[in-house]
Structures are given as structure tokens and as C-alpha cells.
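A.B. asks: Given chain Y's structure and the hints, the job is docking chain E onto it.
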Amino acid sequence: MTEFIAAARSADSLEVALIGEWRALRLNDIGAELAALDLRGVRRVAIATDQLALLDLSAAWRLREFIVAVERTGAAVNFRSAPPQQLQVLDVALAKEAFRPPGVHVHESIEPVTALGRHVVRAWRDGRAGLAFVGRVALSALTAVTGWKRLRPISIARHVFDTGVTAIPIVALIAFLISVIIAFLSAQQLQRFGAEIFVVDLVTIGVLRELGVLLTAIIVAGRSGSAYAAEIGAMRLNEEIDALTATGADPYELLVLPRILGLVIALPLLTVLADAIGLAGGALLCRFLLDIPITQYLNRVNESIGPTTFWVGIAKAPVFAVLIGCAGVYRGLQVQGSSRELGRRTTEAVVQSIFLVILADALFAVLFMEIGI
Amino acid sequence: MAPGPRVVLEVRGIVNRFGAQIVHDGLDMQVYEHDVFGIVGGSGAGKSVLLRTILGLQRPRAGEVLIGGRNLTQLSNNELRTIKAQYGVTFQSGALFSALTVLQNVQFPMIEHLELPAAARDELAMLKIRLVGLPAETAAKYPAQLSGGMVKRVALARALALDPMLLFLDEPTSGLDPISAAAFDELVQNLQHELHLTVVMITHDLDTIFRTCNRVGVIVDRHMEVDTLARIVDHPNPWIQAYFHGERARAREVGHGA
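Top to bottom, those sequences are chains Y and E. Okay, so the first sequence: first residue is 1 according to the working numbering, each after it adds one. Okay, so the second sequence: first residue is 1 according to the working numbering, each after it adds one.
Only chain Y is shown next, with the shape it has when bound in the complex:
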């Protein structure tokens, strides 16, 4: 049972009547019916189009393929009436030079030495461009401090809000959970020696020196580093950065610096919050798991805390903020061309800012050990 063609065979000639609506959407069925025609021994094919209600271009293309295939077998093809006009359109369009989709672009060489070389060169260029970016940021920061207006206080305030205030719930929650985890873990070990009270020391020093600032920085890198990259990247795609430059405004002063400075203000404040919540979480766990009363907990915190413990943690925050801000904005500015690129750069921004934060933390640990605080 065929829907689109009716074929009648007599001796060596085949009569094919096209029926109904030949639409692109039914191309598969049409193709199947044409392919099912038995062309063996056929010398003449006559095509009748009087029952054809509609023939769109894709279907006409399929018909044309069929005609070409028939003619290749040596048979003659003719139409009962005038051939459909769509075939002429195709003939005109296809008559120009043979067209094929141009070959897929060359794949990257898998030759290991070449690949390594490429990688190194790319990394070198990337590093240099990053350095140039940091230089420009520093320069525009220097010129900006000459006047309050150039610092764009309103813009900075907006970014403090976006990266700081809105991050409070998640930072608080994570600080709480982390301190509970440390307290729980250390309590399990120290209880065996009857040294539960040192849980307080571990929580205090762990949270204040390292984990408070580190986890806050990682959360902020995930939230704001990606937001910066995506926001600036979308502006790049929309040519907004070019528009800024064309009006004589400096995008570094207008977009880059406020974001980085906003983060430099917000991250230390978030760290203070994380420290406080972390200590509170430790207190809660000590009270209910180890039966250490709150007053004793507070006394022990006071004893274990050194003059620098808190400041060692807080001092790292602005550095982390600069790293996160730079990575986010820099990757955003590198976006060009397509939305896929935007996603790629945003991913890079987050991965790189978290990596840089952890690397810097390690360097800080070595530094603080060397200078003995």
C-alpha cells in the first residue's frame, strides 16, 4: 500500500503517478516508496503529476534524486505534463559549481610532541596575557585612588551587596556545618585519651586560621567568580564592552575595578561571619556531645587563641578576593564569538579561582611558618 505514488508496469515502461502532498516532513516515507519501486528491465519511466497536490523543495529534491538514479540505469524519464516548476528551481540552484559542505575543520594533531609544544606555547601566552591583565588592573587602581569619583563607590557598593550580603546564608550554613564536622571528628579521636577539651582548640584554630577563610573563599569563587565571568562575557558578546570603550570610558575602571574592590571588601566581612558562626557551631556541639558548658568553652577558646590567630585568617581574605575577582573578570573579558565560549570561560574562571585560592593558602601556610606566627 503506497501513499505517495501509484506505479503501473507494462512491458518495459513504468508509469509513476505522484499522489497527494509531497512535504519535507514526510520525506522518509516518500523516499522509502521511491526506493521500493522495481526498476529492473525498465526502459521508460513516465511520471504523472496531475494528482500531486503539493510538492515542496525538499520533496522535489528527493524526486530529482530518483530521476537521476533512473537515468543512470539507462532508462528514459519523461513527464506526462509539464515538469513541476520546483525541479527547475532546483536545477538553477544546483547548476552552479558542484557544492558539497566544505570538509570538517582539521582536527588537532595528536602527535604527542606537537601537542605538548602547542600546549606549552598556549600556556605561555595565556600566562603573559594574564600578567598583562593584572598590570592593567593595578594601573587603573593607581589612577583611581587619585579621586573618589573614579573609584565608582556606588558600583562598588552594588558588588559588595551582590557578592557579600546575598552570600550570608550559604556562608553561615557551611561554616556551621564544617565546624560541627571538625568538632565531631576530633571528639571521636580525643575522647579515647580523655582529652576532649582540646576539641575546642582544634575548632578554634582550625576555623579561625584556615577553614573559615578558605571555605568562604571557595563559596565566593563558585558564586561570584562565575557570575563575574558570565556577566562580563555576555557583555562582550553583546558588544557592550566595545560600546564603553568607544564612548571613551575605561572598562577597567568601570567594570573590572569595582568588581574586584567589591570582593576585597565583602570577602573579609564574610570571613568574620564564618569565623563567628564556626565558633558557635563548635560551642553547640561541645555542649551537647561532650557536655562542655558554654562558659568553659569560651574560656578555653580564650586560652587557645593566640594574638595572631584571628588576623592570620583575616589577612588572607583580601588576597583571595583579588585572585577570585581577577580570575572571574579576566575569563569574562576573554569571551568572544559564541555562547559555548561563554560557558567554557565561566568554567575556567571558577576552576582557576578555586585553584589559585588553594595555592595561595598553601603559600601563606609556608610563609607564616617561616616567620613563626
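In short, the hints are calculated from the structure, not lab data. Bear in mind the structure is a predicted one, so any value in this text is a computation, not a measurement. For glycine and all other residues, C-beta sits at the position ideal for the given N, C-alpha and C. Zero decoy hints are in this set.
Covered stretches of chain Y (in silico footprint by chain E; criterion: 3 or more residues with CB under 8 Å from a CB of chain E, positions within the stretch not fixed):
hint, segment
1, 21-29
2, 48-61
3, 327-339
C.D. replies: Below, chain E without anything else, positioned relative to chain Y:
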């Protein structure tokens, strides 16, 4: 009903409102088969909102849209999908998929709606690319590498991918130089003629209207005045008078030696 040209697209009593701002208040329009229908209106008159309503991207407060006699507001998602395969759309800024090459852009509707072997898809897509007058090399390029006029042509090729009978064009010639715009108009006209298309276009370009449209709908005072091009220019509405007989229109007449 009196026998006449078949109605392909009908809009009945559309009401669109954003807060206190009423954009359309009982707007009607009819597009007949093989029309090239121009939608005209001042900035903010709601041309794009109307197009979005017709395409089902925006739900009107009241009224209905019929394509090929079927009420779009009452169709299931599956039925809508088949209707959507029957019309093509180009957007104002092209809206090409930036992560795909030109060839992949044109193939996209085919992949969504047809199950074709890759070779056939390639050939059909190349045919459409050729049809809109682009060189074969364009196929491997990404949208970011194209000029404005090429983007418009690729968008048209993508809109034609499934051989629709109905074509919506949102400002097809905006941002093109007069020569490219004229070439694009000619292209639309040729395709309309060769493929028996019905075209609905939003445009500001008087030249485009006079070159291609046979009927025009003007959005004035939240309604639409529809008539043939020859008659709409004499409509008494002051905005329509200003539009067709204003300074720019006169400049055009001088330029064309009319």
C-alpha cells in the same frame, strides 16, 4: 462564506497588556495564501509583541490565533509541534545558534523534525544555503564570523529548512545597507514566487514595503488597519498619512523618480 483566497493566518481579537499599558486591544488580521503581508507601526506599537503572540511565545490576555484554520490556543503540545514545523521564522538579530556552524544551524530544524540520513541532510541544507545566495564556504563558518547581511540570509535559510508554506520575517532588512536590503527584498520576492510562500514581515523600511508587500497591516491605536498596499496609503488616519507621505516617503518618491 464567499469563495476567495484561502486564509492562511488569522488573528482574532487579540488583547495584550503589560501592567497598565495596553498594547493590543482587540486586534484582528487576516493573511491570505501567497500574500506578502507587511506589519507596520510606530516604535512601541506592539509589532514584535504581535509576532510573538502569533508564534505562541507569548500568551495573549484574550483572542485567538489560527494558522491553517487551526486554533493555536487550543492545541496540545504535540499538535503545536507539527504546526511549528509548517512555518519558518527569522528574528530581528538573526538569533543564529552561536555554538553551531552555518550548516548545523540550517540543519537544526531538520534534525528536530525529520529523520534523515546525514548525507541527505547535508545536501538539503547546502541547497537552502545556495538558495539564499550564500557561497558554499559559508557553511563551515560560525555565526560570529559572518557579516550582518549574511546573518540575515543564514537565518532565512534556517527558516526555510523544512520548506514551510508560511514565513515570518522580523525586520528582515534592518541594519543592512540599501543595496543589500534591495538584494534581500529581491531574494524574498523570488523565493516567495518560486516556492509559493506566504510571507508575513515586520518592517520599517518603506522601500521594502513598496518592493515586496501586496497587503499591509498598520498598528494604530492598539488596533490594526489592514488593506492592500495601493489603498492603505490613502487611509485617513494621521499616523498612516505621516508614515506613507512624510518626509522620508517623499524623499523616496523623489529618489525613485515617481
